[in-house]
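Enquirer: The lines below spell out each chain.
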Amino acid sequence: MIRFDQVSLSYDQSPRPVLRAVSLRIEEGELCLVIGHTGSGKSTLLGAINGLVPHFTGGTLTGRVVVDGRDTAQFKPREFADVVGVVGQDPMAGFVTDTVEEELAYTMEQLAIEPAAMRTRLEETLDLLGIADLRRRALHTLSGGQQQRVAIGAALTAQPRVLVLDEPTSALDPTSAEDVLAAITRLVHDLGVTVVLAEHRLERVVPYADRVVYLTGDGTVEDGSPAAVLGRAQVRPPVVELGKLAGWEPLPLSVRDARRLAPRLRQRLPDIPPCPARPARPAPAGPPALTARDIVVRFGPVIAVRGVSLTLRAGECAALMGRNGSGKSSLLWALQGTGSRASGSVSVAAADPARLPPGQARRLVGLVPQTPADLLYLETVAAELAQADREAGQGPGSRPAREILDQIAPGIAAGVHPRDLSAGQQLALVLAIQLTAAPAVILLDEPTRGLDYQAKASLTRALDELAARGHAVVVATHDVEFVTRACDRVVVMAEGEVVTDGPATTVLTASPTFAPQIAKILAPLPYLTEVQVAAALAGQSAC
Amino acid sequence: MAAGQARAPAARRPAALAGGRRIPRGLHPVAWWIWALALAVAASRTTNPLLLLLILAVLALVVALRRGAAPWARGYRFYLAMALTVIVVRVLFRIVFESGTTPGDQILFRLPSIPAPSWYAGVQIGGPVSLQAVLSAVLDGTRLACLLCCVGAANTLANPKRALRVLPGALYELGVAVTVALSVAPQLIDSAQRIRRGQRLRGTERRGLRALRATAIPVLHDALERSLRLAAAMDSRGYGRTGSATRASRRMTAALLLAGLSGLCLGAYGLLDSSTPAALAIGGFAAGGAACAAGLFLGGRRVSRSHYRPDPWGWPEWAVSAAGLASAAGLCVTVGYNPAAVNPSLYPLQWPSLPLVPAAAILVAAFAAVLAPPPPAAEHAARRAHPASGAVAGAPR
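Protein chains in written order, with our numbering: chain V, 1 to 543; chain Y, 1001 to 1397.
It is worth saying that the hints were derived from the structure and are not from the lab. One thing to keep in mind: the hints can contain errors.
Claimed, not checked - Coverage of chain Y stretches by chain V, computed from C-beta distances (three or more under 8 Å per stretch; other residues unrestricted): (1) 1128 to 1134; (2) 1188 to 1199; (3) 1211 to 1223; (4) 1226 to 1232; (5) 1305 to 1319.
To be verified - Pulled a few chain Y residues facing chain V out of the computed Cβ check, cut under 10 Å: (6) PRO1071; (7) LYS1161; (8) VAL1176; (9) SER1183; (10) ASN1343.
Glycine included, every Cβ here is placed at the ideal spot set by N, Cα and C.
For reference, chain Y alone in the conformation it holds in the complex (with noise of 0.2 Å):
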């Protein structure tokens, strides 16, 4: 993918797409979410090639014109490297283990075949290695990464932690935990190679238990004396006031919550076990769902807390949202077209051929990138303009 050119053209192209002037601002992160999970579920429903790469081609076009200049949002090339990654693996996986021929199989070439011992008998390794194999494999895992590329689409166009904001708010401590934690890691880093160079100028250049020992000593006081000094600041700020919640509430929150949890638990294993009636399955899974909504409102409403500048969900919300489902919808309820167009079959070997709703259905959710409004880019230019002060400052003394 084209990173670094995208983004220059990216603030005037989509005003003259949107036909109009629109105010740049981030889209609820929720929204892209949905709309990237609902192409997951598109991704997920096919084999086509063509498909899956019109797929891919709609998350470029999208992340290209719609993500934002933050650290996080120039992520998506190693989604990208990743989702190769899974290709090459899977080919390689397939090509080495043997997996078995039919008489319809084109050969490509034959591995020297490595007879494994027989307590391990179920695989075998080298072997005859067919071309239909090979491109189940790049189908596989053509479809893998376009899963991957979905999240990572959605990783780079929401912001992560704007994302956690929308936890209900029972769950706000995890998502404070989860920030802390994210920022606390560069920072244990830092006092990481700051304490070997110190231990450097005392002339210890051993290697082995000892020199970890004293790296590793100083570091833990480090994070400890530091966790200590942040959960005193956040106590002074206000972390944690209780509101109005009284005992009987707690207690009914944490009962409902435990009990949702089991109805989930019980729900899952009669949805993996076939021996368990339908009905209880999903009654459980229903009933557990159900507390646990329950308990996290009760919970949430326990606390009183306010959200600086809150996203706003206004009508692109809706339609990213909406053009994100309908793609969903498009490969999922075959209506308009032949369902085997959607998974083609590789006996015989032949083109696949583009089927035309599924394809319409795909391209819908390319619509996200004019219906979002553009990134708030204009922001994070002027502030590359003005290298602070504090970067010199903050070079490593």
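Only chain V is shown next, with the shape it has when bound in the complex (with noise of 0.2 Å):
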């Protein structure tokens, strides 16, 4: 179905190919799953399936791809509308029209199918993503996951013979994210689509995929089934790391593969781990570092937060955890101080960050937003950098921001566009941006997002080392695997009040849902990351 040939590409002003000497082929009816770190050429290898690159994004393409019998280098991407859909990873940036039946027309308008045929093929594919009550509804109404299978359901209806998806679920929380990825299952098992999807969740997605293509990240591709490619992928599932671990063969791929080999590694394994998850801290003494109280977030009829009281102390990191919409956002914004709040108290220091001027405030709680390119608008990383020195100005430990960066990402070029970094190099340097005014609390709202497993990974260090340096941490995330390497603590949201509050232990353990993978694999046993597991086999009383 689709095939490429000896393709290389690179773009112009960069001195290395993002694609070196790439030849795949991908089946009809195949779930291809794009692999590899953030940079590794992703997003290029699949807009060069319908042309996209080179004909929009500029740069040069040698060798062939070709789709359904047509060459891409004769086609233009408008042309391949009718063979190849496309998904973006913000749909709403895709979006042509404002109501989602006219969305799901656009295509078929466009390839002038006949008005009788668009009607039915428009009926079927709304009952085929379940979405038919949303068919008068204004696009910006839905929620996410809504948006991205009305995405999808407008790729569809041109028919084509395959969907290619970007990270179709990287904003999503976990069900609406289940919600998206039954939809694709569907379709390829009921109408044998041809899908290729790249994704940085893996746990999300492995079990579905028929072939994995692994970008390596010096522009060469691995392809294979699934077990083989992940068992030598520099990326890959906790499943897939514990399997290893194991010794199993082939490797599961599921929880459920990975749960019928675990009876005989559950009876190797001690009953208590022989070290924590994260390693113990003190438990901190002092005064907490923030104290809220009945805080009440209300946007109109909306209650965004209903009564929440919490207590942060120094030194600790806690996850915030719930659906789209539980309140997590807003809590942030309220305790903060530059969010609104109806009623409530917030407490640092003796001081209400919401009474203070936006420049005082951040000295007490810093915050990075949701899209932390917001706070960024000089030219290159040197000039926000020394911006950040003189806004946070000479207080009582604060560092330099160069410091601190260096700290947590190094390797960040000062004179580089800060548009122009990855999705965690800018997370880096923001929140080095507000480390400088050295705040007691420092919260971050979805940091994950986007992020591939190593850029996680240096995120859980940095935030070891500012809870190390006694700052309090708040990291509201969708991501149990995350959170079960980062964080002491886990409250857990739902419609604006805390349903759970207590040691991300107990908390990640006791419910199914929010369990990691290696915990749902070897309940009742209380493991929960592939290094206890680790430890224990090699026989260590401690890690």
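The two chains are supplied separately, each in an independent frame; assemble them into the complex guided by the hints.
Expert: Next comes the structure, spelled out in structure tokens:
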């Protein structure tokens, strides 16, 4: 269905090619998963399938890309509209119309499909994706998962043979992500659509994949069956890590596969892990870093946060979890003082940040918002750092921004434009800027979005470092695996209220939905990470 | 206008008036525009306050009975407010700027007169204010207000985006550009607000050029990135597939359109400049129009595209258009009544009479309220009954 013949691609400004002599065959009806680190060329590979690369993006492509018998060198992306459907990372950015029905019809209108046929196809697509009840809704009123399904539907109405999805679930909470993935697998199984999918959160999609294409990072690819490729790849989900540790063959890809292999492993493991999932720290003494009482946030008739009380201690890293719209962001913004707060009180070092001017509030509580790039407006990293130093002034305990940045993410060149940094580097830059004010409490809103395993690991290290320096850290996130490795405490919110608040180990193993993969496989044993398993298998008594 | 209370009975009353249960659907937008523009023509022919008020009443009735529940359908009150402002401004100007009085005028009051400098002699501020001057300003203002309300009614009754889809195929790109611009504006406001909030986190509370730059640059970055992504999405979804157009036919289209526009310009100049022979003006107009039409037809032919759920043109569309055109004809063709009754004189001042034939002609336009099918209100009501989960998720975060 899709054939890459010795494809190399280089962009004009960059010295080394993004893709180098890539040869691939993706057969009809396959679900092909594209994996690799940030910047390894996943989006480029996906874009090459319908010719957006290089027709739209520029760059030089050598070799041949043939889709359904058509060469992308001879046809423009628009001529592939009836063969390849494309769904981007942010569906809202790709919507042309403003209601669901019109959006679904758009591609068909461009292809000049008969009105009668259009009606039937549209009805079928609505049913296939389970969005029939949304048909007259305005697109901007939909939730993220609904928008993503509408975007898939809009690509499907043209009845393409190939569907290309670039990180379709990266912005979604686990439930919405499941809805979207269920819709995608249904397309593969019921309609035989060939699906090519890029994703960072492998644990979600690996069980469904028929083939994995791994971009090694130097422009070459490895492809083959998921078990074979993941065994060699640098990026792999926890279940595969565990499989390698235990020496299982073939490697399990889903919790179910692993669970069936696990009884023998469970017998070998001691009942109590030799070390905790995270290194234990002495319980912080002294007064709490932040005390919040009965916080209420409302937007018109919607009550986003209803009466939340929270105490944060210095040196602790807490995760704030809960589905989209459960009030996590609103709570963080209210704690920082910039967001609105209808009632309740916040006290940091005997002061309420909401009553202080912004310049002083950030010395108490720092917040890294969901889109960190909002804070960046200068031309170079160096200029941003210098500006951050000026803004922070020279208070007690303040360090130059460059020093902080080098500690969080070493090796970011001074002359680079901040917008050209990867998502992880942008996050590090903004975190460094916020840390120059040396706030006692630092809040991060969804920092794991769009980060690969490597970037998440370095974020974990950075947060550990902050906690060790005596900051109180709160991270709002959906990513259970990240929380397992980075956080000591978990606060779960639903409908604006705190549902659970306790030590990470207890909360994460208490409910199956929130459990990390290793806990699901090894339950009832209280193991959370592969590091614990490795230590236990090696017979160590501590990590 | 009673904006809220008219909606609930709107679903029932028309069915009773029409003498049967009709399937709700939206009327073709072009039919509404013909109807409203015809009423505007009628309004422009008269200064009789009774007739103008009758036109306003007809507009209000039809809007109340036949508008849907979509956002644009709630805009009529803004047009009414704008119309009222027009009248007030017009009267104020007439009072403040002295316009000269004739012996027959009844002077209401005198404003202190401010002598204008000699180089600005044409206008004088203050002076006597006559009843006739105020009344003629009110009538003029009401006529303008009527025209405004006609346009407002068309915008309220017809879905503006569906109206854009009626554009000939050659102008399709223009329609898309307008639609995209309309959907991008709220997104820009959104991202500006988000970035301003983000900047406050950084402690920037400065005003002036630097603060503007701190907001403007990320907003522009955002907008650029978004437009690039939209362009890529549209490209991969088949926008701009050229179909079977040849280079020659494309050139022909361009040439015809250029020639047509020049012809139209020439014609317009001729019509405005009285020294140009009328034949040349009208001839230029006609030739230009024909060339444009041919160009649009040729350009439209190369576009292979279809419409999802095209609006049907059935008897209600014919009937509504005819009702509007009838009222325009009634006021343009002065048959069966005294033309002076349509534009009553203010000298001597007297209560205007209501000429029967023009009044009846305007009332014909009111039949649009029953001739048009009821708007698809039930679906919207059902939608409102299910507040979506997205409403909460979409709340400001």
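Enquirer: Establish whether the coverage given for the segment 1128 to 1134 of chain Y by chain V is satisfied; the threshold is a Cβ-Cβ distance below 8 Å, and no fewer than three residues must meet it.
Expert: Three-residue rule not met by the segment 1128 to 1134 of chain Y, so violated; n is 0.
Enquirer: Hint check: is the beta carbon of SER1183 (chain Y) less than 10 Å from a beta carbon of chain V?
Expert: The hint holds - SER1183 (chain Y) has a Cβ within 10 Å of chain V, the shortest such distance being about 5 Å.
Enquirer: Does the interface hint hold: is LYS1161 (chain Y) within less than 10 Å of chain V, judged Cβ to Cβ?
Expert: Constraint on LYS1161 (chain Y) satisfied, holds at 8 Å.
Enquirer: Would the hint on PRO1071 (chain Y) stand, with a C-beta cut-off of 10 Å toward chain V?
Expert: Since chain V brings a Cβ to about 9 Å from PRO1071 (chain Y), closer than 10 Å, the hint holds.
Enquirer: Can the hint on VAL1176 (chain Y) be confirmed by a CB-to-CB distance to chain V that is less than 10 Å?
Expert: At about 8 Å, which falls below the 10 Å cut-off, the nearest Cβ of chain V leaves the hint on VAL1176 (chain Y) intact, so it holds.
Enquirer: Check whether three or more residues of the segment 1188 to 1199 of chain Y sit with their beta carbon closer than 8 Å to a beta carbon of chain V.
Expert: Our answer is that it holds, as 5 residues pass the Cβ test (under 8 Å) against chain V, meeting three.
Enquirer: Next item in the hint list is ASN1343 (chain Y). Is there a CB on chain V closer than 10 Å to its CB?
Expert: violated (45 Å)
Enquirer: The segment 1211 to 1223 of chain Y covered by chain V? Criterion: 3 or more residues, Cβ-Cβ distance below 8 Å.
Expert: holds (count 6)
Enquirer: Can you tell me if the segment 1226 to 1232 of chain Y counts as covered by chain V, using C-beta to C-beta distances under 8 Å and a minimum of three residues?
Expert: Coverage by chain V holds for the segment 1226 to 1232 of chain Y (5 residues, Cβ < 8 Å).
Enquirer: Using a Cβ cutoff of 8 Å, are there at least 3 residues of the segment 1305 to 1319 of chain Y near chain V, or does the coverage claim fail?
Expert: Holds, because 6 residues of the segment 1305 to 1319 of chain Y bring their Cβ atoms closer than 8 Å to Cβ atoms of chain V.
The structure is inconsistent with the numbered hints 1, 10, although it conforms to all the rest.
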